[in-house]
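Q: All chains, full assembly: derive it from the sequences and hints.
This is what each chain is made of:
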Amino acid sequence: MIRTSELDPNFKDEVSKELGGWEISRCFACGTCTAGCPVREIDDKYNPRKIIRMVLLGMREEVLSSEFIWLCSTCYTCYDRCPQDVHLTDIMTALKNIAVREGYMHPSFKEQARLVLEFGRLYEVEDFDNKKREKMGLPPVQKTIDEVRKVVKDPAIAEVCE
Amino acid sequence: MKYALFLGCTIPVRGQNYELSARAVAEKLGIELVDMDGFSCCGYPVKSTSARSTLALAARNICQAQKEGVDIVTLCNACTGVLAEANHILSEDSELRAKVNEDLKDVGCEFKPGTKIKHFSRMLYEDIGLEKIKDPITRDMSDFSFSVHYGCHYLRPAEVHCFDDAEDPRTIDELIEAAGAKSVDYQDKLECCGGAILGVEEDIALQMAKKKLDHITANPVDGLITVCPFCTVMYEDNQKKIEQKYETEYGLPVLYYPQLLGLAYGMDKKQLGFRLNKVKAKDLLAKLEEGEEAA
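Chains as they are written, first to last, in the numbering used here: chain A, 8 to 169; chain B, -5 to 289.
Just so you know, these hints were derived from the structure itself, not from any lab. Owing to the predicted nature of the structure, the values given are computational and were not obtained by experimental measurement. Keep in mind that a hint or two might mislead.
What the hints assert, rightly or not - To give an idea of the interface, some chain B residues facing chain A are shown, with a C-beta separation under 8 Å as derived from the structure:
id, residue
1, 7
2, 98
3, 198
Backbone N, C-alpha and C define an ideal beta-carbon position, used for all residues, glycine too.
A: Written as structure tokens, this is what we have:
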């Protein structure tokens, strides 16, 4: 049951101010996104039309604390097919970004962010890797790229990596 | 023809067969690939945490190539998608560009529109062309058939890539045919591999990949062609796991497109890094040798 007293009518405006969240209010709930979603085809707990509806209704806490916002596979099928150019994939990203700031973050993304900030890449390149590359006739790769830390200014990332 | 080679995170340490074969094929076709120390992760892995940070990382990478005055060629679809998307949005939105350029000040970079980002396969298709690609062919591959998994970020969003047809792509099918082999269509060809949510809910991701493997192997093909290390993780690295979990058997070799083209060019399996393919392409390579002995 949805209780109007628990809704946050400003949530959609909050999302629309986020990078990529701009077009959320255009949704007329046709369901093209859900019909073509490869994740939804496997498991209906991920349902893009429902998520957009929940945001427009103002179900802020329920959306941000949910598991399902992390299940978008970023395939951009809904993004390309949406007749209203809602840019759903970017809205899912916007929701995840807000959730991170609110303290809800999936651990796998936390680890990825930590690695990228520490090494500049998702994997630590060790001497062993470069020796292996040399044997294959491949040039060495730089072990860490320190500049990455200098361009990441979003405090949300620094916080989760602490 | 000169490009900065953007390797990303996975390929230099876990997908060297892709790198070896791409470099070998590029050399054969007279494409100069420049290695640049400054390249980092494209930014995709931090997008769920902070899209703004992804833009900063992508823009910084593009600036490295911009400084050298070269365009970027990528091997991974995720890198292609993130760099192309950042390039697109920062070229069009001057307000956002100014903000991101503030982030880049500390490292002495300033993003300016003008650098091109191309996936390696797209570069072959557009800049070399299907006819010229055929020139170095020395091996007959006409007895071989493959299916292709394009991977989402090779094509979508269409407004970013402006290439091929995102609902009915043909470019890699045509590249397979240019290498002399047959390209076999299959059900749900455009569906996602599930790679992006492998760490979130493995079960859903594996089921997504299983469905594709079922459809691909419904036809008698010699292998699957991919152009992205993430998709390869799903179809090749996880193939055994899927087979065990769902009590099925595929034994489907997964080749990167440049490995196929390299075979057509008469290159040997070592040069193309076949040792690193996790599902061994033994039958495929034996068939190749048999064909040559018969001829």
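Q: A separate judgement is required for each hint: does it hold in the structure or not?
A: Evaluated hints:
For residue 7(B), the interface hint holds, the least distance from its beta-carbon to any beta-carbon of chain A being 5 Å, beneath 8 Å. Taking 8 Å as the C-beta cut-off, the interface hint given for residue 98(B) holds, the closest approach to chain A being about 6 Å. Restraint check, residue 198(B) versus chain A: the minimum CB separation of about 5 Å is within 8 Å; hint holds.
Against the hints set out earlier in the document, no violation occurs for any number.
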